[in-house]
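Q: In case you want the letters, here they are:
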Amino acid sequence: MRAMIIDDSRAMRSILRRIVTDLDFETSEAEHGQAALDQMRAGVVPDVCLVDWNMPVMDGYTFITEVRANPEWRDVTLMMVTTESEQRQIVRALAAGAHEYVIKPFTPDAIVDKLSLLGLVPA
Amino acid sequence: MTTSTAFASVSALVRRETSMVYDEGKEYLVEARLNPLAAARGLGLEEYVARLAFDADERRKVIDALTINETSWFRDHTPYQAFTETMLPALLEGRQVTRRLRIWSAACSSGQEAYSIAMLLDQHLPAGWSYEIVATDISTAMLERVRAGRYSQVEVNRGLPATSLVRYFTRVGRDWEIAERLRERVTVKHLNLAAPYVGLGTFDLIWLRNVLIYFDAPTKADILRRMLPMLADDGYLLLGSSETTLDMPADLTAAWQREQIGRVPAYRRASARTPLTPSLTSTGA
Amino acid sequence: MSAVLPEAEAPESADLLAVTEDVWMALLGDDGVLLPRAVPPGSPFDATAWSAATTISGGWHGVVTVELDEVLARRLTTRMLALPAEEEASDSDVADAVGELVNMVGGNVKSLMPGPSVLSLPAVAAGRAAFSSDSALACRLDLVWQDAPVRVSVHVPQEGPR
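The listed protein sequences derive, respectively, from chains A, B and C. Just so we're aligned: 15 in this note's numbering is position 15 of the first sequence, and the numbers increase by one with no gaps anywhere. Each position in the second sequence, counted from 1, maps to that position plus 1000 in this note's numbering. Each position in the third sequence, counted from 1, maps to that position plus 2000 in this note's numbering.
Rather than coming from a laboratory, the hints here were simulated on the basis of the structure. Please read all numbers here as calculations on a predicted model, not as lab measurements. In this text, a Cβ means the ideal position worked out from N, Cα and C, and glycines have one as well. Don't take each hint at face value.
A short list of chain C residues far from chain B (calculated; beta carbon distances all over 10 Å) [claimed, not checked]:
1) ASP2015
2) ALA2038
3) PHE2045
4) GLU2087
5) ASP2091
6) PHE2131
7) LEU2143
If you anchor each label on the Cβ, the simulated ranges turn out as follows [as the list claims (entries may be wrong)]:
8) PRO122/A x THR1244/B: 45 to 53 Å
9) LEU1029/B x THR21/A: 45 to 53 Å
10) SER1241/B x GLY2029/C: 19 to 27 Å
11) GLY2029/C x HIS1124/B: 36 to 44 Å
12) GLY1199/B x ASP109/A: 36 to 44 Å
13) GLU1027/B x ARG2037/C: 27 to 35 Å
14) ARG2037/C x PRO108/A: 28 to 36 Å
Part of the chain B face toward chain A, derived, beta carbon under 8 Å [unchecked claim]:
15) GLN1153
16) ARG1158
17) GLY1159
18) PRO1161
19) ALA1162
20) LEU1165
21) VAL1166
22) ARG1171
Kindly produce the complete structure, drawing on both the sequences and the hints.
A: Okay, here's the thing in structure tokens:
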């Protein structure tokens, strides 16, 4: 399995990378939505994206909309990992095509549980 | 009072009041759960334990602290899948007339199991059917939590699908509160599983998961024996993934018929499902 | 009633504390215990500091600021980046880590207040935080983590939200 971690904070990318690497995922990283799209267009298409919401250049919500607009990427699972925790924001992200949503701060178990709900790691 | 006598005295207290067993080797757990209580009283652990003999309120808190099960939404996934795919359709088939289901979440802890079931029934129960989930626990603090139906962000972050979070919960300050229409289906009752089951009625499905491990073998057998009449003839009993009736006395192994549903073993009442013929009744059990 | 600010004008300090504790526990597990620190009202943050702020605007307006002792900021950064013990976090690493910290606290404060609102990207500085003269302190927490001080504060516009 390949995970792309999209977050403007290196520290947060590092935390997420350690969690999914322990689950035997290969990882790639991007510091905002545009950089992630560029990588995907260049052929680095992951099984799952862990996407922050608030980022410079392109935010996570726009990124999700862009990914869902491209039928070639319909198998890419999208999971928001963000401090945005207003109910309406979660509803918006799901409506735009996010499959799961983890609220920051999170414990490693929360990420593992959600990846397992998505069928990406054995329960 | 030394640490080891303190541990012995706490484990005797818990055993006396709940029949739950804290063997040697569980010292770390007792310490981890009691230290905050001792600290709240400004006492060291040993001093605090010595005080329990005279203080019923603190005893109650200790029982609460030591009987809380780790829990999560849709714990282990597979039992919930087996429930919606196999058990629920079979139960619906047999209840066309009453159109009602009763489910027992035994040792319900903070209620995540009960409300996980409620969410599934909300999605899968046909129109015109009703249900009741009875959630019992020995900890009154936990029962209060079930009644309130409020969970922290840390709790809703774990194992609860985001679609269910936004569908069934509303943010109330820092917490998330489960929908009234699910809360009103869950009846909360204080119950020690080692004591008689009075006034509960019978159930179509009993979730008795990850709690038998806390009891000694005779109590475990006694609980499983007294669960038999609590279950409808065609009902199901679910145990935790590491629990089984196989290591029980022969009469119990025979009385609970194991039925594999996908990866989940469910237990059913053998006598009710395969009635004894007259020629066999004389041989006894 | 019109002259009285609505009750939801500022977060409760108990809520701010719980949010901050959640962030520390998530990042540091059992090592994340924060202790209260008695500081007289009005005193500026008394440590060589890093400060990070994020602005909430929309249904509610406010600025959430985290100020941290230098040693604490570096220790936290080392933990977040999982750097080897002998490796020193760079200033840019510290800025990144404390920025993420205030982002997490700020996002959760935003959810406690009337919405919808937008959370700004974090602004991080080496040194004490500067607060705009037209803002008023609404809520402040002084805490200690591993013997080093940290302060979390929420400021709101003084002249009303608009």
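Q: Take the hints in turn and mark each one as holding or not.
A: These are the hints, each one checked on the structure:
| no. | hint | result |
| --- | --- | --- |
| 1 | ASP2015 | violated (6 Å) |
| 2 | ALA2038 | holds (18 Å) |
| 3 | PHE2045 | holds (25 Å) |
| 4 | GLU2087 | holds (31 Å) |
| 5 | ASP2091 | holds (32 Å) |
| 6 | PHE2131 | holds (25 Å) |
| 7 | LEU2143 | holds (18 Å) |
| 8 | PRO122/A x THR1244/B: 45 to 53 Å | violated (22 Å) |
| 9 | LEU1029/B x THR21/A: 45 to 53 Å | violated (30 Å) |
| 10 | SER1241/B x GLY2029/C: 19 to 27 Å | holds (26 Å) |
| 11 | GLY2029/C x HIS1124/B: 36 to 44 Å | holds (38 Å) |
| 12 | GLY1199/B x ASP109/A: 36 to 44 Å | holds (38 Å) |
| 13 | GLU1027/B x ARG2037/C: 27 to 35 Å | holds (33 Å) |
| 14 | ARG2037/C x PRO108/A: 28 to 36 Å | holds (29 Å) |
| 15 | GLN1153 | holds (6 Å) |
| 16 | ARG1158 | holds (5 Å) |
| 17 | GLY1159 | holds (4 Å) |
| 18 | PRO1161 | holds (6 Å) |
| 19 | ALA1162 | holds (4 Å) |
| 20 | LEU1165 | holds (7 Å) |
| 21 | VAL1166 | holds (5 Å) |
| 22 | ARG1171 | holds (5 Å) |
The structure shown violates the earlier hints numbered 1, 8, 9.
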